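Asker: Residues per chain, in single letters:
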Amino acid sequence: MSKSTVENNMYGVLAEFRNPKELVDAAKMINQNGYKKFDTFSPFPIHGIDKAMNLPKSKLGWIVISHGLIGLIGSFAMIYFMMVADYPLNISGKTLLNIPAWIPVIFELTVLLSAFGAVFGMFFLNGLPKFNHPLFNSDNFAKVTDDGFFVCIEAADPQFDADKVQSMLKDAGGTNIEEIYDN
Amino acid sequence: MSKTYEYVTEPALVKGNHDFKSLTALITDINMRPTPKGWYIAFGISNILLFVLLFSIGYLIWEGTGIWGLNAPAGWGWAIINFVWWVGIGHAGTLISAILFLFRQDWRTAINRFAEAMTIFAVMCAGIFPAIHVGRIWVIYWVFPLPNQMAMWPNFNSPLLWDVFAVSTYFTVSLLFWYVGLVPDLATIRDRIKSKLGKTIYGTFALGWRGSNRHWWNYEKSYMILAGLATPLVLSVHTIVSFDFAVSLIPGWHTTIFPPYFVAGAVFSGFAMVLTLMIIVRKIYGLEEIMTLDHIEKMNIIIMVTGSMVGFAYLMEFFIAWYSGVEYEKAIFILRATGPYAWAYWIMITCNVISPQVFWSKKLRRNVAFTFFISIVVNIGMWFERFVIAVTSLSTDFLPSSWGYYSPTFWDVITYVGTFGLFFTFFLLFLRFLPMVAVAEIKAVIPQADPHNYDENGEFNPPKVEIPEPIKDSAQKG
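Keeping their order, the protein sequence lines are chains A and B. Residue 175 in the numbering used here is what sits at position 175 of the first sequence, and the numbering runs on without skipping anything. With positions in the second sequence counted from 1, the corresponding number in the numbering used here is that position plus 183.
Note that these hints are calculated values from the structure, not bench results. No experiment lies behind these values; they were computed from the predicted model shown. All C-beta atoms in this analysis are idealised placements derived from N, C-alpha and C, irrespective of residue type, glycine included. One should not assume that every hint holds.
[As the list claims (entries may be wrong)] Beta-carbon label-pair distances, calculated as ranges:
#1 B/G381 to A/T95: 57 to 67 Å
#2 B/R216 to A/F120: 54 to 64 Å
#3 B/K382 to A/W62: 28 to 38 Å
[As the list claims (entries may be wrong)] Straight-line distance between alpha carbons at most 30 Å, and here's what the computed DSS-like set of lysine-lysine pairs gives:
#4 B/K404 to A/K59
#5 B/K466 to B/K546
#6 B/K546 to A/K28
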């Protein structure tokens, strides 16, 4: 990182591309050039861009399964405590440890906890909610939720050099190239 | 023997000449332009009905469940019928958003948001009935496993308690699923709306979403896991609702066919309700290019399939009643068709078994006015199905000396009518303030979204589908 970018608080360089294909090509090129801290932005998920950007596998599955196990074991423990340990009730001589009858509730609570894991885990991994972000300083960036396809290479990347990055994005077909400042 | 081969191309999911920008405008402009007058009129009527509901609930709490037509022997009446009916309607939303998603049915994107909203409001209407029918609503928290002054816990062996967990989990997961789908679209409105207040509100709920592909990566994974969780959930909920009946010993209820039969019925009535609402909405808001005739046809096929499953279940119930040799079972089924409630039984058969069979005709499947009519008929039929199940079995149980005839009171009727007020109040608010089609998802299914549909210069150039000449073999000539 050059000294000047630190001083003037630069967040990164943003470039716009015309369509999903150009975005995928740009992502592939940036990745091949060895940049690590960059991101692409699009109004919808693009098929195959994870490969082009070389994204690691999502960790969400682990979050969901651990939540699901908490739901499974937790609900069994809860029912066992309530029906067998704390307040055993003899209902027409039926067994206290009545596992088949507990399955519906155990199932529902396992699903519920897993769903919490899937939703809140996703927001956690994405760092959301985050209402303020340097990219929102760009007026052009508002297009991203409509029909805009953007690439941003962050100044925090070890090989970042503002001029080099700008010319590289220009060569790749990027338009509306602008520097984004963090303030 | 002759064979002709032909490639049949799938019809485009979005009709008309739409690109990303025009799709955004088409859907989100509805939320941003001034409220139409018709909306206020509809909202006013819904509010009056909502008031009717609140009034009837208030009177019920004041006076007790005696104001309803419940009595010995029919201790369950309209409350459970309405509960099962509304929960069933809700199921189409989750089915469209989860099961069709897992089956890669891309046509769901046009209707899933809409159907999920319907699910949430229908489950809210459903949830009211078991809550108010307990009589002493101020101790409703006893159904939850919370410590109370009697140091007692709810009975986890009871199907009625399973219901509490099933319905509340279903509502929560549906709401989360719906909200996760909404986040990118809320961001779309945030970026387009001019008013400061609108920007703040939509911006808050959009959580700062900025379309990052690192986010989309986790997002899609989350959506898929949620769909995978919601699929068994939606099947389990109506299964558990059917356990309320099936786990008892009352003749006509004590059958193992109930879970699959209830689920099929739920999907049947749910799709009918989605069609009823969709046919009105697509016309008013001019969304015919997104919610196309092909969608209506596909949904009609599902109605036909599930309607036939329900019809099969009715037949099977009769067969098993006879085959089991249990006299009470045999008697109840004959009584259903010929006894004091025969009128309800034959309404049910006409609406649920006969009416969907018309959709074998392609012409009628693609007829909007006719579909609208059938969708309402199906919902009436499914209400009567629950009426027949709940009331006939209870009012004619094992002992002829305890038989009786159930009839509802004025309060039964207006409580039911009032729930439409609750449903439509929320539904109209949804139509007004939230994008009724999943904007981000519908963009992803048009040909412009696929990187493979561009040539090496980056120009949009979808591959032409070639339809080769039919291959005729020699046998045909001779």
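Asker: Checked against the structure, which of the hints given earlier come out wrong?
Answerer: Those not satisfied are hints 2 and 6.
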